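Line by line, the protein sequences are chains A and B. Per the numbering used here, the very first residue in the first sequence carries number 1; after that it's consecutive. Per the numbering used here, the very first residue in the second sequence carries number 1; after that it's consecutive.
It is possible that part of the hints are untrue.
Straight line, CA to CA, 25 angstroms or less: simulated SDA-like cross-link-like pairs of lysine to any residue [said to hold, decoys possible]:
1) A:K41 - B:K52
2) A:K41 - B:L13
3) A:K64 - A:T17
4) B:K105 - A:T17
5) B:K60 - A:E59
6) B:K105 - A:F91
7) B:K52 - B:A27
8) A:K41 - B:I112
9) A:K41 - B:P40
10) A:K41 - B:G96
11) B:K105 - A:K14
12) B:K52 - A:F91
13) A:K41 - B:V11
14) A:K66 - B:S110
15) B:K77 - A:S9
16) B:K105 - A:R111
17) B:K77 - A:K14
18) A:K14 - A:T57
19) A:K41 - B:Q81
20) B:K60 - A:K64
21) B:K105 - A:F67
Some chain A residues flagged as far from chain B (calculated, every beta-carbon gap over 10 angstroms) [claimed, not checked]:
22) T32
23) L46
24) S73
25) T78
26) T82
27) E102
28) Q104
For the record, the hints were derived by calculation from the structure and aren't laboratory data. Source: prediction; values computed, not measured. Each residue gets a CB set at the ideal place from its N, CA and C atoms; glycine is no exception.
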Amino acid sequence: GAVVSQHPSRVICKSGTSVKIECRSLDFQATTMFWYRQFPKQSLMLMATSNEGSKATYEQGVEKDKFLINHASLTLSTLTVTSAHPEDSSFYICSASGGPFETQYFGPGTRLLVL
Amino acid sequence: GNSVTQMEGPVTLSEEAFLTINCTYTATGYPSLFWYVQYPGEGLQLLLKATKADDKGSNKGFEATYRKETTSFHLEKGSVQVSDSAVYFCALRNGGGNTPLVFGKGTRLSVIA
Numbered sequence: 001g002a003v004v005s006q007h008p009s010r011v012i013c014k015s016g017t018s019v020k021i022e023c024r025s026l027d028f029q030a031t032t033m034f035w036y037r038q039f040p041k042q043s044l045m046l047m048a049t050s051n052e053g054s055k056a057t058y059e060q061g062v063e064k065d066k067f068l069i070n071h072a073s074l075t076l077s078t079l080t081v082t083s084a085h086p087e088d089s090s091f092y093i094c095s096a097s098g099g100p101f102e103t104q105y106f107g108p109g110t111r112l113l114v115l
Numbered sequence: 001g002n003s004v005t006q007m008e009g010p011v012t013l014s015e016e017a018f019l020t021i022n023c024t025y026t027a028t029g030y031p032s033l034f035w036y037v038q039y040p041g042e043g044l045q046l047l048l049k050a051t052k053a054d055d056k057g058s059n060k061g062f063e064a065t066y067r068k069e070t071t072s073f074h075l076e077k078g079s080v081q082v083s084d085s086a087v088y089f090c091a092l093r094n095g096g097g098n099t100p101l102v103f104g105k106g107t108r109l110s111v112i113a
């Protein structure tokens with residue numbers, strides 16, 4: 001099946017620094033990618049929808065200047081957490097739509113810990 | 001709006017027991033319905049899906065039937081294994097590939113030997 005990778009899988013950073021998370025579709029082209037955030041023992045919260053070559057659409061309550069999303073190609077989307085704070089610590093998961101049935105394939109997630 | 005409600009866990013079963021995780025949805029139109037599974041420390045994997053009423057999705061012994069009349073998509077398995085221990089998410093998508101999924105809160109399943 002289709003594969004979506006995320007890098008890094010785990011990152012620890014100091015408060016105030018920026019962290020970039022990459023999401024790649026390895027064997028298919030994805031015109032649309034999604035970024036989710038998951039708190040411990042909770043469901044996935046959609047943060048934004050990313051379309052290749054255009055600005056991301058953010059969900060209500062998600063700060064677009066804090067969570068910068070770039071979808072520069074059909075196989076790569078990046079999420080940059082700017083000036084990270086401890087409350088940004090979370091599990092970030094991306095997904096990409098592709099294939100004949102436009103199934104959403106999920107990446108393995110990135111665990112961010114801000115100290 | 002679109003929403004998914006699934007039974008709250010955690011659910012603890014003995015090996016070989018029958019599993020049912022209830023899921024109901026609210027949506028306009030005719031959404032596609034999905035079950036995803038998340039193993040500890042990992043991302044989500046698609047378990048099964050159904051795209052229209054009365055469709056039955058099945059995979060790895062799990063199955064779920066799209067019931068439009070009851071707006072439900074309950075997940076079942078006849079005999080669970082310890083390796084089925086995970087969190088299960090019911091989700092819907094009301095549109096094409098550029099439409100995000102709407103998830104339920106997830107149900108944690110623990111299977112004990």
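Taking the hints in turn, this is what the structure says about them:
1. Under the criterion of a C-alpha separation no larger than 25 angstroms, the hint pairing A:K41 with B:K52 is inconsistent with the structure, at around 30 angstroms.
2. Note on A:K41 and B:L13: the hinted pairing holds, with a Cα-Cα distance of about 19 angstroms set against a maximum of 25 angstroms.
3. For a cut-off of 25 angstroms, the pair hint linking A:K64 to A:T17 stands: about 17 angstroms separates their Cα positions.
4. The suggested pairing of B:K105 with A:T17 is violated, with an alpha-carbon distance near 31 angstroms, which exceeds 25 angstroms.
5. For a cut-off of 25 angstroms, the pair hint linking B:K60 to A:E59 is broken: about 34 angstroms separates their Cα positions.
6. A C-alpha spacing of about 15 angstroms is found between B:K105 and A:F91, which places the hinted pair at or below 25 angstroms, so the restraint holds.
7. Among the hinted pairs, B:K52 with B:A27 is consistent with the structure: their alpha-carbon atoms are about 13 angstroms apart, no more than 25 angstroms.
8. Between the alpha carbons of A:K41 and B:I112 the distance comes to roughly 20 angstroms, so the proposed pair stays at or under 25 angstroms and holds.
9. For the hint linking A:K41 to B:P40, the alpha-carbon distance of about 11 angstroms falls within 25 angstroms, and the restraint holds.
10. Taking the CA atoms of A:K41 and B:G96, the gap is near 29 angstroms; set against the 25 angstroms cutoff, the hint is violated.
11. Pair hint B:K105 plus A:K14 does not hold up; C-alpha atoms about 31 angstroms apart against a cutoff of 25 angstroms.
12. As the CA atoms of B:K52 and A:F91 are separated by approximately 32 angstroms, the hinted pair breaks the 25 angstroms bound.
13. About 14 angstroms separates the Cα atoms of A:K41 and B:V11, which keeps this hinted pair within 25 angstroms; it holds.
14. Using a Cα cut-off of 25 angstroms, the hinted pair A:K66 and B:S110 is violated, with the two alpha carbons roughly 37 angstroms apart.
15. A C-alpha spacing of about 32 angstroms is found between B:K77 and A:S9, which places the hinted pair above 25 angstroms, so the restraint is violated.
16. Taking the CA atoms of B:K105 and A:R111, the gap is about 19 angstroms. The hint holds against a cut of 25 angstroms.
17. Taken as a hint, the B:K77 and A:K14 pair is broken in the structure, with Cα atoms around 45 angstroms apart against an allowance of 25 angstroms.
18. Pair hint A:K14 plus A:T57 does not hold up; C-alpha atoms about 28 angstroms apart against a cutoff of 25 angstroms.
19. Of the supplied pair hints, the one linking A:K41 and B:Q81 holds, its CA atoms being roughly 22 angstroms apart against a limit of 25 angstroms.
20. Between B:K60 and A:K64 the alpha-carbon distance is near 40 angstroms, which puts this suggested pair outside the 25 angstroms criterion.
21. Between B:K105 and A:F67 the CA atoms are separated by roughly 23 angstroms; this keeps the pair inside 25 angstroms, and the hint holds.
22. The beta carbon of A:T32 sits about 4 angstroms from the closest Cβ of chain B, which is not more than 10 angstroms, so the claim that it is off the interface is violated.
23. With a cut of 10 angstroms on Cβ distances, A:L46 falls inside the contact zone with chain B, its closest approach being about 5 angstroms.
24. With a minimum CB-CB distance of about 17 angstroms to chain B, A:S73 clears the 10 angstroms threshold, and the non-interface call stands.
25. The Cβ of A:T78 lies farther than 10 angstroms from every Cβ of chain B, with a closest approach of about 17 angstroms, so its non-interface assignment holds.
26. In this structure A:T82 is separated from chain B by more than 10 angstroms, as the shortest Cβ-Cβ distance comes to about 23 angstroms.
27. The beta carbon of A:E102 sits about 3 angstroms from the closest Cβ of chain B, which is not more than 10 angstroms, so the claim that it is off the interface is violated.
28. Non-interface call for A:Q104 relative to chain B: violated, since the shortest CB-CB distance, roughly 6 angstroms, does not exceed 10 angstroms.
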